[in-house]
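Q: Hints in hand, dock the two standalone chains.
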Amino acid sequence: MRLKIPLSVSIVIGVGVVVLLGYFIEIPVLAIVQQVLLEWALILAAAALLVGVINLLSVHFRRVSGRQKNGAYSMILVSSLLLTFALGALFGPKSDLSLWVFNHVQVPVESSLMGLLAVVLAFACVRMLWRRLNPFSLLFLATVLVMLLGAAPIMGIEIPGLHGPDGLRALIAQVPAVAGARGILIGIGLGTIATGLRVLMGADRPYGG
Amino acid sequence: MSFENLASSDIPAILFVLLFLGLMIFFALSGRKKAYQPTREIPAFDRLRQVIGLAVEAGKRLHLTLGRGGISGVEGASAVIGFTVLERFARVASVSDRPPIATSGDGTLAILSQDTLRKTFKTIGVESQYDPAFGQLSGLTPMGYAAGTLPIFYDAQLAATVFAGHFGSEVALLTDAAGQNDVLVLAGSDSLPAQAVIYATAEQPLIGEELYAAGAYLKAGPMHLASLRAQDILRWILVLAIIIGAGLKFLGFL
Numbered sequence: 001m002r003l004k005i006p007l008s009v010s011i012v013i014g015v016g017v018v019v020l021l022g023y024f025i026e027i028p029v030l031a032i033v034q035q036v037l038l039e040w041a042l043i044l045a046a047a048a049l050l051v052g053v054i055n056l057l058s059v060h061f062r063r064v065s066g067r068q069k070n071g072a073y074s075m076i077l078v079s080s081l082l083l084t085f086a087l088g089a090l091f092g093p094k095s096d097l098s099l100w101v102f103n104h105v106q107v108p109v110e111s112s113l114m115g116l117l118a119v120v121l122a123f124a125c126v127r128m129l130w131r132r133l134n135p136f137s138l139l140f141l142a143t144v145l146v147m148l149l150g151a152a153p154i155m156g157i158e159i160p161g162l163h164g165p166d167g168l169r170a171l172i173a174q175v176p177a178v179a180g181a182r183g184i185l186i187g188i189g190l191g192t193i194a195t196g197l198r199v200l201m202g203a204d205r206p207y208g209g
Numbered sequence: 210m211s212f213e214n215l216a217s218s219d220i221p222a223i224l225f226v227l228l229f230l231g232l233m234i235f236f237a238l239s240g241r242k243k244a245y246q247p248t249r250e251i252p253a254f255d256r257l258r259q260v261i262g263l264a265v266e267a268g269k270r271l272h273l274t275l276g277r278g279g280i281s282g283v284e285g286a287s288a289v290i291g292f293t294v295l296e297r298f299a300r301v302a303s304v305s306d307r308p309p310i311a312t313s314g315d316g317t318l319a320i321l322s323q324d325t326l327r328k329t330f331k332t333i334g335v336e337s338q339y340d341p342a343f344g345q346l347s348g349l350t351p352m353g354y355a356a357g358t359l360p361i362f363y364d365a366q367l368a369a370t371v372f373a374g375h376f377g378s379e380v381a382l383l384t385d386a387a388g389q390n391d392v393l394v395l396a397g398s399d400s401l402p403a404q405a406v407i408y409a410t411a412e413q414p415l416i417g418e419e420l421y422a423a424g425a426y427l428k429a430g431p432m433h434l435a436s437l438r439a440q441d442i443l444r445w446i447l448v449l450a451i452i453i454g455a456g457l458k459f460l461g462f463l
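Residue numbers (this note's numbering), protein chains in the order written: chain W, 1 to 209; chain V, 210 to 463.
Bound conformation, chain V alone (with noise of 0.2 Å):
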């Protein structure tokens, strides 16, 4: 391989990704020795986290919705976030009553969450109390998705449901319908339009990169919490990158 191969508009691209590699082995490996917690509080978690524990104790059940977005696009990277807050899910209420329940637009999304759910109920020693129906495709059109998923908010007892994933703005329908039988929802997304319905509508909206830090608040694993604090390091250095790159060009520099 040679570096004239290289796109020269590529270079900058490949850097950042070197860079934001680099940080998170950094902060896995020095992590290890300092525990780190994320600094800034998001609400939202919080009351997940005391939702799911009362839900175990009052027979309830926890829901993820993962959208419809696929697993092979930009759009995957929530839906991802949704497997880790499902598997976190499953350790917790997979030996009650009411074990968790992921419904998705998507059939690499409702596969995938089948084999989530599978993998944990396996790991905790539960795998016998596994049913394939506890990962569920509930339409492939975003309306159908958003018909298909109603039931659940008026049939299964839930406690708290979680929006994770590639959404439109028929979200609002679900956070609406699920607001109204008192249950908590938690709600990011990748899509702008999404987010704004989320804004309006969920009781515990995530915003922006919020999303992304699911797995760093929810206790995921170390290296959660390494990308988080890379994705702090970088997103100030794009700040301060727009700041003078916006003082050069008024200064008529650029």
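In isolation and in its complexed conformation, chain W is listed as follows (with noise of 0.2 Å):
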């Protein structure tokens, strides 16, 4: 049954008020009903998950049969998915198989996507000076040449007044960047508590109704 706009919104609003309250009120009745309610949440996404690999297959399905540019690409996904989740099926996600495919193509292709980004964040450190030339941008980079020469000593060589307890690194570690992942940490958390409201109070709807 399709529900009405208010109903949808009432549940919502129902559920995460209980939720809340169970944070901060010790009830046992409370208690129980934000578990229940938090296991149904796991359940749902769960769910979810399998509608998004659906999802997934039927996109890249599509570029397949409509033959579309890098649709080959697409093949391998969906051949290779079909296989891995056959393998999973049959033999089981922690059979020999199964953890073959793991280590032999999963492992090696993420580990050289992790490779390439390093590549890319050094390169995107100088394309950065060129795009946006400020002293914030300066500084950046500074401070990133820093923490990557103190983070170890160069040919064995320890450079007084940057490495150790004392040094340069540590003071910008323990000091500027905590304080400055402070403050953007109090932002995000002001951030989230607003767009929390605004979701208990029914102005923000990212569930349809």
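If you're looking for bench data, these hints aren't it; they were derived computationally from the structure. Since no wrong hints were added, every one of them can be taken at face value.
Here are the simulated lysine to any residue pairs, SDA-like style, with alpha carbons at most 20 Å apart:
id, chain 1, residue 1, chain 2, residue 2
1, V, K269, W, Q68
2, V, K428, W, R205
3, W, K69, V, D364
4, V, K428, V, R258
5, V, K328, V, P341
6, W, K69, V, P360
7, V, K331, W, Y207
8, V, K328, W, S10
9, W, K69, V, N390
10, V, K458, W, V178
Quantities reported herein were computed from a predicted structural model and do not represent experimental measurements.
A: This is the structure in structure tokens:
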């Protein structure tokens, strides 16, 4: 049955308020209801994962059947997904075959991308100066260099004032970096509370209500 | 309910949330009489508004990526902001030849992005043009998500892409690819490592709470403006509390 808008919004607000109160007020019944609701959320998230995988499959299947650009990559994705699923379903996720696929396909591919990421970040720092040359970008780059050079002795030599617990790297990591991170986190925390309250009030409805 | 059930350490937290809620309601009610505009200029949103308009004229697509954080944890808030941006995208560009698309690294986010698009298409009377493929799951592991999203920057003829959600450092692969394809990149995240990477790689980075102001700057509704005003006031209260606390500690009172 399709829910009418006011009912779906009421359910969201009601559930949200119960879960929120459960964090603040120690009443056994409220704790049980909160636990049940959170377990339902986990089950729904698992079901959503399955729906998402079906969506992924259908999008790439359409690319293959429609002979779209780069359809070959979609073909590889669809066949790999089905093959991995079949191996997991037939032999179990901890079988030698499933683990072989994980260790010899997924791990190397993800490690390669991680290696690529280091190169991309190095180039990105240089491009940032070209795109946005201002004191903040220069400070950012200088800090990155200090942190990188101070991470380990350079060819076995520790530079006084840079390495060690009293060096520049430790000073940056312990004082301005922590202060800046806390400032950013306070902003994120306030934004998160504001967003949560808007959802609880029904002003934000990311659920189609 | 009695106040004995309240843990003493939770009382300040409850009071803070209630104060936040009260300020939001107050500003929402008072904002009906006099329109409030955010005083601080965030260039990223000005640029995004320009590009949204140009994208429809140029027949280019708008893209939103919601990260891989899910909706049930703290990181869900940044994704909710993403849905607000997606709704604005859909309102402007759903009638164009290239409707907006959303990618995510979590099943719940993928379903909700489809739902947001379907709802908006229905609201403006073009539901027949809606396609579930406009909201895609692109991968479930960090690198799988990055690899699944990358082709969009090369194939989809994008004008702008917005990153709003929970990411890790893998976001650099995406922002860099988008930048190389002359796509406007506007990016914000609730994750500190992702923010550092975004600052270096994105054309228009959103730092800290700037992402959460998206609804107010994109005119998503009066409650977004009200919550932004409440955020501004509470930020100053927290700043004063920190300074006073540090002063008292320095003087030996704490």
